Amino acid sequence: MGKSNTDLNRRQFLKSSAVAVTAIAAVGAGVGYIKKIKGTDIRQQNILRPPGAVSQDTFIYGCIKCGLCVQICPIQAIKLAGINEGLSYGTPYIDVRTQACDFSCDSLQCVETCPTAVLNFKQFEEVGGNALTEYQKEHDVSDPDFNPFKIQIQAMREAVTMGFAVVNEKTCLAVKGEGFTGTPRGEDFEGLNRTPARGGGRGMGRGQGMGKGLGRGKGLGRGEGRGEGREHEEGDSSDHEERGEDRWQQGESKASLLKNKHYEREICNLCVTECPIGCSAIEMKETQGQDGKLTFKPNVLDGCTGCGVCVMVCPTENPSIIVEPLKQESHV
Amino acid sequence: MFKNIKNLPPIPAKPVAEMPHTKLGMDYNVWCKSQKGNHKWRNIRWPVLIAVNLLFVFSFFFELSILEGSLSGSRALGFYLIDTYNALQVILISIPGGYFPSLTMNFWIGFSTILFLSIMGGRTYCSWVCPYHFLAEMAEKLHDYLVNKKKIKEHSFNIYLRFVFWVGFLLLALLTKNIVFENINPVGILSRAMIYGPGLILLWVLALLIFEIVYSKRFWCRYVCPVGATWAITGKAAPLRVKFDHDKCGYCRDCQDVCEVPHVLWFVQRGKATQKTHYADSDCTRCGLCIDTCGGRALSFTIKGLDKIV
Numbered sequence: 128m129g130k131s132n133t134d135l136n137r138r139q140f141l142k143s144s145a146v147a148v149t150a151i152a153a154v155g156a157g158v159g160y161i162k163k164i165k166g167t168d169i170r171q172q173n174i175l176r177p178p179g180a181v182s183q184d185t186f187i188y189g190c191i192k193c194g195l196c197v198q199i200c201p202i203q204a205i206k207l208a209g210i211n212e213g214l215s216y217g218t219p220y221i222d223v224r225t226q227a228c229d230f231s232c233d234s235l236q237c238v239e240t241c242p243t244a245v246l247n248f249k250q251f252e253e254v255g256g257n258a259l260t261e262y263q264k265e266h267d268v269s270d271p272d273f274n275p276f277k278i279q280i281q282a283m284r285e286a287v288t289m290g291f292a293v294v295n296e297k298t299c300l301a302v303k304g305e306g307f308t309g310t311p312r313g314e315d316f317e318g319l320n321r322t323p324a325r326g327g328g329r330g331m332g333r334g335q336g337m338g339k340g341l342g343r344g345k346g347l348g349r350g351e352g353r354g355e356g357r358e359h360e361e362g363d364s365s366d367h368e369e370r371g372e373d374r375w376q377q378g379e380s381k382a383s384l385l386k387n388k389h390y391e392r393e394i395c396n397l398c399v400t401e402c403p404i405g406c407s408a409i410e411m412k413e414t415q416g417q418d419g420k421l422t423f424k425p426n427v428l429d430g431c432t433g434c435g436v437c438v439m440v441c442p443t444e445n446p447s448i449i450v451e452p453l454k455q456e457s458h459v
Numbered sequence: 006m007f008k009n010i011k012n013l014p015p016i017p018a019k020p021v022a023e024m025p026h027t028k029l030g031m032d033y034n035v036w037c038k039s040q041k042g043n044h045k046w047r048n049i050r051w052p053v054l055i056a057v058n059l060l061f062v063f064s065f066f067f068e069l070s071i072l073e074g075s076l077s078g079s080r081a082l083g084f085y086l087i088d089t090y091n092a093l094q095v096i097l098i099s100i101p102g103g104y105f106p107s108l109t110m111n112f113w114i115g116f117s118t119i120l121f122l123s124i125m126g127g128r129t130y131c132s133w134v135c136p137y138h139f140l141a142e143m144a145e146k147l148h149d150y151l152v153n154k155k156k157i158k159e160h161s162f163n164i165y166l167r168f169v170f171w172v173g174f175l176l177l178a179l180l181t182k183n184i185v186f187e188n189i190n191p192v193g194i195l196s197r198a199m200i201y202g203p204g205l206i207l208l209w210v211l212a213l214l215i216f217e218i219v220y221s222k223r224f225w226c227r228y229v230c231p232v233g234a235t236w237a238i239t240g241k242a243a244p245l246r247v248k249f250d251h252d253k254c255g256y257c258r259d260c261q262d263v264c265e266v267p268h269v270l271w272f273v274q275r276g277k278a279t280q281k282t283h284y285a286d287s288d289c290t291r292c293g294l295c296i297d298t299c300g301g302r303a304l305s306f307t308i309k310g311l312d313k314i315v
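Sequence lines, in order, name chains A and B.
For what it's worth, this note's numbering labels the leading residue of the first sequence as 128, then goes sequentially.
For what it's worth, this note's numbering labels the leading residue of the second sequence as 6, then goes sequentially.
Calculated from the structure, these hints are not laboratory results.
Where hints are given, some of them may not hold.
Ranges between beta-carbon positions, derived for each pair [as the list claims (entries may be wrong)]:
#1 16/B / 142/A: 31 to 37 angstroms
#2 277/B / 144/A: 26 to 32 angstroms
#3 203/A / 155/B: 48 to 54 angstroms
#4 212/B / 140/A: 22 to 28 angstroms
#5 220/B / 317/A: 44 to 50 angstroms
#6 53/B / 157/A: 31 to 37 angstroms
#7 203/A / 212/B: 28 to 34 angstroms
#8 311/B / 140/A: 38 to 44 angstroms
#9 100/B / 317/A: 41 to 47 angstroms
Cross-link-like lysine to aspartate or glutamate pairs, in silico, DMTMM-like; alpha carbons within 20 angstroms at most [stated by the list, open to error]:
#10 381/A / 68/B
#11 277/B / 259/B
#12 142/A / 159/B
For clarity, every value in this text was computed on a predicted model and none was experimentally measured.
From the three backbone atoms N, C-alpha and C, an ideal C-beta is built for every residue, glycine too.
Take these sequences, add in the hints, and give me the full structure.
See below:
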């Protein structure tokens, strides 16, 4: 430094400009590459963006890759992509077959924590707020049972649109009329799943007033109507249905390892019973054939949020239900 | 303002009688060798840098809620912090992306906190937090060794190159609606690699380091990094500075030799200083190497204006 030779300066300037032009051109070409890979692979792998992602394009591009969503997720469903995974480097994704989002955090914390609003919390805030207002209209604050949180939470999670589940009828056990007994993903599977609040989800169609449907799972839904279905979890002998209710009252339900759960189903309906959203998202459709034989088929409904729990719990070798990312419209 | 100082007529260089070595009654060359500095600031700075980065790692690993996130965006005890250059790009792309109104209060808190810190301290982040700076310091030592052995030649570029990059990457963000820069930012890459596990992208950082070793000293930090350039701009009037005392200077320019951005010490050359007291330019990363190395103790950290208040 400090040499003020004009010739040297001119050469230095030319050299510097050359570097700048080359570098920015190279980066521009890199962007073209990212644009090319962003849409293809993601559709084939049960790979989703976290809840609340604004449209796929904007999401990938607006993300500053800080990883706060990764850190806040209590079940480590969210991961950051490397450069060799066919996704845009550093962006968060959920591989639902390995670990689906089971709404363990209750309040969509990954969305809330996102500093750049590419996971956009505003929409959920609105939905939650509306549900709260509805609830307050019908309930008195002085009521000892007054508890709007579950309503808010349920409304918020129902507003999630990560993708949409699709059943593969060729391999689905229920379609084949087969049952399932055992641990769906084997003894080595490390995925976590929180038992769904069946009482909460049931009877809450999307269009209905949010306050009404929470009548504690009156009458069994069709899916679990296969009353023989039983589930045991180590160290917990209480009835499934009861637990679903308790969960809200005690505010305590940890996601537990799927490998510790044992299911016995005459007709496999894990995707239906484990759905954290409930009957607005998936149901077991029974049809009586002409010969009087019942056939079954899991039927995905409009309420599906694409959380992927059904994919994670599906016991077949390759999941018989997959989540396709929506061709996302911007939520804004 | 700084240009003006540079354009003032230089004060005359000190006569031999006033040079620090004469005052000590020593020969100049002997004085230069005898007055080698210490590593006081470096020995504080490196542990701080390592501690901050480890705090990120531990916060995730042990689920402590102390310093979550990574260096591109984080939350310290619940308070959001967002890298200013990233935040600028987010703002730029959120407008055509249509989600500008959705930017949260946390975003604005994080943005303004770091902005405020950089206004007060300029590029202090670079040498006290940035993990790439640490690696580049090592690479620099290797580079200097190779240059001394005459194995390679030093290549320098124009220092304003990074402002070209600064504008270039902002324009790219605006045109492509993509935070392009974060894909190649070694600071974020290293931070993420430490916290979330390494990946192939570290090869890019390695390539940068090799380039710095064999071709151009501190290439990224000096000529490219728009993160630092942002804070060089916002820190134009930062009160935290390295202060220069002309009376104690021996014109040896050791300080410029160790400096990451030697042009900030333009006044240390014989006959360049225009005032008795100078402050390093805003590009200065406050690493303290110059302070450590200065035999005459002519350089020191100071908070500008504090003497006036106190």
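Cross-check of the supplied hints:
no., hint, result
1, 16/B / 142/A: 31 to 37 angstroms, "holds, 35 angstroms"
2, 277/B / 144/A: 26 to 32 angstroms, "holds, 27 angstroms"
3, 203/A / 155/B: 48 to 54 angstroms, "holds, 53 angstroms"
4, 212/B / 140/A: 22 to 28 angstroms, "holds, 25 angstroms"
5, 220/B / 317/A: 44 to 50 angstroms, "holds, 46 angstroms"
6, 53/B / 157/A: 31 to 37 angstroms, "holds, 34 angstroms"
7, 203/A / 212/B: 28 to 34 angstroms, "holds, 31 angstroms"
8, 311/B / 140/A: 38 to 44 angstroms, "holds, 39 angstroms"
9, 100/B / 317/A: 41 to 47 angstroms, "holds, 42 angstroms"
10, 381/A / 68/B, "holds, 17 angstroms"
11, 277/B / 259/B, "holds, 16 angstroms"
12, 142/A / 159/B, "holds, 14 angstroms"
Of the numbered hints stated above, none is contradicted by the structure.
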